[in-house]
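Q: My numbering runs 15 ahead of the 1-based position in the sequence shown.
Hints in this document: simulated from the structure, not taken from any laboratory.
Do not take every clue at face value.
Claimed, not checked - Derived EDC-like pairs: lysine to aspartate or glutamate, alpha-carbon spacing no greater than 16 Å straight-line:
1) 40 - 53
2) 82 - 37
3) 82 - 54
4) 25 - 174
5) 98 - 27
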Amino acid sequence: MAQHIPRSLKHEYELYVENEIENYKESVSRSAILKIGDEAAASLRAGEQFAMDELLLWAEVDRIIRKRLRIPGYDTWRRKRLKLLEEYRRPEHWGIRPDGVLAREVHPPAESNVLVAGGDIDRTALYLAAHGCEVTAVDRELNSLERVMNAAQAAGLADRIQSYVADITDWSPDVPLGAVVCTPDAFTGLSAAERGRAFELLQGATRDGGVHLVGTIVRGQRGLSVSELRRQYRGWSISIEDDSSSSKSFLARKIAS
Numbered sequence: 016m017a018q019h020i021p022r023s024l025k026h027e028y029e030l031y032v033e034n035e036i037e038n039y040k041e042s043v044s045r046s047a048i049l050k051i052g053d054e055a056a057a058s059l060r061a062g063e064q065f066a067m068d069e070l071l072l073w074a075e076v077d078r079i080i081r082k083r084l085r086i087p088g089y090d091t092w093r094r095k096r097l098k099l100l101e102e103y104r105r106p107e108h109w110g111i112r113p114d115g116v117l118a119r120e121v122h123p124p125a126e127s128n129v130l131v132a133g134g135d136i137d138r139t140a141l142y143l144a145a146h147g148c149e150v151t152a153v154d155r156e157l158n159s160l161e162r163v164m165n166a167a168q169a170a171g172l173a174d175r176i177q178s179y180v181a182d183i184t185d186w187s188p189d190v191p192l193g194a195v196v197c198t199p200d201a202f203t204g205l206s207a208a209e210r211g212r213a214f215e216l217l218q219g220a221t222r223d224g225g226v227h228l229v230g231t232i233v234r235g236q237r238g239l240s241v242s243e244l245r246r247q248y249r250g251w252s253i254s255i256e257d258d259s260s261s262s263k264s265f266l267a268r269k270i271a272s
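Turn these sequences into a full structure, and let the hints guide you.
A: Here it is in C-alpha cells:
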C-alpha cells in the first residue's frame with residue numbers, strides 16, 4: 016500500500032497533549048490540583064497578569080502540568096510518530112502474514128471506507144486503519160469490539176475506527192466501500208435468504224474495483240461454502256486463496272459495469 020500520513024499530525028499532537036494532561040488530572044487528588052492552581056495563580060501574578068480569569072488560570076495549570084510531564088515538543092513527537100506509523104503499516108506488526116491474502120490483495124486507497132465483520136477482527140481493523148482507511152468494525156460481541164477499540168486507542172488509531180455491536184444484516188453502509196473483510200462468524204446463524212440480502216447490500220455499496228475477502232475456513236473453522244459464494248458473487252472476478260493449511264479465503268473483486 017502507498018504510504019499515508021494522517022490528515023493532520025498537528026491535530027493529532029494537540030489531542031495527544033490534551034489527553035496526557037487530562038489523564039494526569041484524573042490520576043491525582045483534588046488537593047494536588049488545587050496546589051497546582053495556587054502555583055498557576057502565583058505565576059500569573061508574578062508575570063503582572065492583572066486581568067486574570069478562569070480560562071487564563073486553567074491554561075497556566077495545563078502549562079505547569081505539561082512541564083511536569085515533560086511532554087515532548089511537536090517536532091520531536093512528530094519524528095517518533097512517523098516512525099511508529101511506519102511500523103504499524105507492516106503486517107507482521109499485527110501478526111498478519113506479509114505473503115497472506117490480506118496483505119497481498121486488499122489495497123484500498125487511503126481514506127477509503129472499509130468494513131470488517133465477524134469475530135477476531137482486531138488485527139485486520141488495526142492494519143487497515145494504519146494504512147489510512149476509515150474502518151467500520153461490526154460484530155455481535157461487545158467484548159470483541161472493546162478489544163479492537165482499546166488497541167486502537169493505544170496505537171493512536173481510534174479516530175480511524177468506528178465499532179458497532181450488530182449483526183451484519185442489521186448494519187447498512189451509508190458511504191461507498193473500498194473493501195469488505197468478513198470472518199466466518201459474520202454469517203453464523205443466518206438463513207440463506209438473510210445471507211443473500213447481506214451480500215446484495217454490501218455488493219451494492221462497494222465501488223468498482225473494490226474487494227471482498229470472506230473467510231471460508233479460518234484456523235479450521237468452516238464458514239460459507241465456496242459454491243454458495245460463487246453464486247453470490249456472479250459477475251465479480253473471484254479466486255480461492257490459501258493462507259495456510261488450515262485457512263482459506265474467498266476473494267472477489269468488483270468489475271466495473
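Q: Holds or violated: are the alpha carbons of residue 98 and residue 27 at most 16 Å from each other?
A: holds, 15 Å
Q: For the pair we were handed, residue 82 and residue 54, check the Cα-Cα distance against 16 Å.
A: Given that 16 Å is the threshold and the Cα spacing comes to 13 Å, the pair holds.
Q: Run the distance test for residue 40 versus residue 53: straight-line Cα separation, threshold 16 Å.
A: The hint holds at about 15 Å.
Q: Given the proposed pairing of residue 25 with residue 174, does the C-alpha separation stay at or below 16 Å?
A: Answer holds: residue 25 to residue 174 is near 14 Å, not above 16 Å.
Q: Residue 82 and residue 37: Cα distance at most 16 Å?
A: Answer holds: residue 82 to residue 37 is near 14 Å, not above 16 Å.
Every hint from the earlier list agrees with this structure, and none is contradicted.
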